[in-house]
Amino acid sequence: MKLTVWITAILAGLALMSILVGAAPLSGDGWWLVWVSRLPRTVAALLTGASLAVAGTVMQMLTRNRFVEPSTAGTAQAAGLGLIAVTLLAPGSSVMIKICAALTVSLFGTFGFVAILRRLPPRDPLLVPLVGIVYGGIIGAVASFIAYERDLVQYLDVWTGGELSGVMLGRYETLFLAAALLALVYGFADRFTIAGLGEDISRNLGLNYAQVMSLGLTIVATITSVTVVTVGMMPFVGLVVPNIAARLWGDNLRRTLPLVALSGAGLVLACDVLGRLIRYPYEIPAGTILGVLGAAVFLWLLHGRARHG
Amino acid sequence: MAKRLWAAFAVFAVSSFLFLTLDTRAGWDFILVFRGIKLVTMVTVGAAVALSTLLLQTLSANRILTPSIMGFDALFLLMQSVLVLMLGGLGYAQLAALPKFLVESLVLTLAAVLLFTLVLGSARDIAKVLLTGLIIGVMLRSLTGLINRVIDPSEYAILHGASFASFNQADPALAWIGAGVTAAVFLWAMSNHRALDVLALGREISVTLGLDHLRFTRRVLVAISLLVAVSTALVGPIVFFGLLVSALTYAFAGDWRHVILLPFAALCAASILILGQTLFEHVLALQSSVAIVIEAIGGAVFLLTLLMRKSK
Chain A
1 MKLTVWITAI
11 LAGLALMSIL
21 VGAAPLSGDG
31 WWLVWVSRLP
41 RTVAALLTGA
51 SLAVAGTVMQ
61 MLTRNRFVEP
71 STAGTAQAAG
81 LGLIAVTLLA
91 PGSSVMIKIC
101 AALTVSLFGT
111 FGFVAILRRL
121 PPRDPLLVPL
131 VGIVYGGIIG
141 AVASFIAYER
151 DLVQYLDVWT
161 GGELSGVMLG
171 RYETLFLAAA
181 LLALVYGFAD
191 RFTIAGLGED
201 ISRNLGLNYA
211 QVMSLGLTIV
221 ATITSVTVVT
231 VGMMPFVGLV
241 VPNIAARLWG
251 DNLRRTLPLV
261 ALSGAGLVLA
271 CDVLGRLIRY
281 PYEIPAGTIL
291 GVLGAAVFLW
301 LLHGRARHG
Chain B
1001 MAKRLWAAFA
1011 VFAVSSFLFL
1021 TLDTRAGWDF
1031 ILVFRGIKLV
1041 TMVTVGAAVA
1051 LSTLLLQTLS
1061 ANRILTPSIM
1071 GFDALFLLMQ
1081 SVLVLMLGGL
1091 GYAQLAALPK
1101 FLVESLVLTL
1111 AAVLLFTLVL
1121 GSARDIAKVL
1131 LTGLIIGVML
1141 RSLTGLINRV
1151 IDPSEYAILH
1161 GASFASFNQA
1171 DPALAWIGAG
1181 VTAAVFLWAM
1191 SNHRALDVLA
1201 LGREISVTLG
1211 LDHLRFTRRV
1221 LVAISLLVAV
1231 STALVGPIVF
1241 FGLLVSALTY
1251 AFAGDWRHVI
1261 LLPFAALCAA
1271 SILILGQTLF
1281 EHVLALQSSV
1291 AIVIEAIGGA
1301 VFLLTLLMRK
1311 SK
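First to last, the sequence lines map onto chains A and B.
Using the working numbering, the first residue of the first sequence is number 1, and each one after it goes up by one.
Using the working numbering, the first residue of the second sequence is number 1001, and each one after it goes up by one.
Please note that the accuracy of each hint is not assured.
To be verified - Covered stretches of chain B (chain A as the covering partner; in silico rule of three or more C-beta atoms under 8 angstroms from a C-beta of chain A): (1) 1193-1206; (2) 1295-1302.
To be verified - Stretch-level coverage of chain A by chain B, calculated; a stretch enters the list once three of its residues show a Cβ under 8 angstroms from a Cβ in chain B: (3) 144-151; (4) 225-231; (5) 295-303.
No lab work stands behind these hints, which were simulated from the structure alone.
Heads up, the beta-carbon is just placed ideally off N, CA and C, and yes, glycines get one too.
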């Protein structure tokens, strides 16, 4: 498709910019700097954006609601809570154990959200993200409370704030797990599309609805936990990109998945590069920029819908 | 049904007494002044939050809205950050309390009237209004975060104190101004209690019953904005406390008329804050985390209200 070529070209340009832009000059130790810091950072941004966008798409399909995404379902806040818990209970453990702990709590958090969703009648679709945001807020408040008592508030802010400046060779490889899950989603894309049509139609078409739902939500929670633990929470990517993609290219997951992944990757990378440029040589976290940009686009999506009907 | 109102007043009186007298180790003249100011702050903030929430819920004929959900407190914090950005940390710290408060209240009121006539007027879908408010709050908070990253770390430290709700660092001068403003708004609301009862019936019915809906709505919005300015200026952002108080009020006041609801809510809110602070400071010896706990409880109440409302 011509569009894919265009998007890939833009992405390549952004990646090149990302490798060249930064606080330290590229002369002298240039190659080492690119290998250890710039390239991993670029790859991390691309992977984060792609996996979060796809996770958002899957979540929207499975909950049949256009406005859910991992950061409005309590997933990211639950991962933060898990990190706090493992830091207080087992501070000397390896990174892998910390990720698993955050993952477990995050999975519980997501399934808790889905349990709440089942008790909400589908009449009012906007109630879902609202409940999700409040639910995430409560979990965040619990995490803040524990952090406040143990003087870890700053750490909590730093961990959960979406930021790519800490990415180095050896510290971001867990994101490849998210990439593997992306491939899995692509394999199951048709099943998710059918599940997105609703429980009755899925059963009519012979799909094991409960299994597909569980699988999809587990994948979403895992992707979110991995990204939160590695680079922090990137808000709104999983919401904005799938919505715009759905408006432009429709709901056939197998067809639109590559475009969604590429667009999400581009968005996060662009915000990261912007963050490095706004107040050069100081860096502004990509998550902060996404917070402003994403919120503005969300509001536009919310209120500009009327024209589409 | 004024019996319940008297019961609420009794609870309030007892909690105030406990707060002032429990676990004292210094002379009475110091204690009364030191704790007295804190008490005034808590009563003011409690009353302000309770009244603003109740008024907003009457206005929108919906029991889930609170002003903080609409992003008011986020706007307030953004104003603080912009002020620091423009004036520098030292200039900001040197601003006199009263003029600063007045300017902030004015901006907040204008923004509120603008937002509400844009959003509440056109949207019948209350979930859309809520979601819009929440996202506006997120956007404003992210903008604040962006500005916080751009200013000096020492300037940021001045701001940081303002962004966590804490009852221990209220400015005494501001506390009295806030108390005055809250009392004035309370008296205004009580003198219009019948109009508020009519307003609570919804837009169509109030117009049918002869209420000048547009004008009265604007006045109520001004009242709400003033109250939000008071509570945010005094102690920082509080999101779900108002909802907790209004839920308790509707459940326990035993009356739907505003002449009972308004004072009950104010007393309820003040009692919760005072009792909570007393408990935390003297019994549990935890420092300033009352606000976080109240927020968590309030958030849970919010969720329950949402869920129970929909499954009726």
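Provide an ascending list of the numbers of those earlier hints which the structure does not satisfy. 1 and 4
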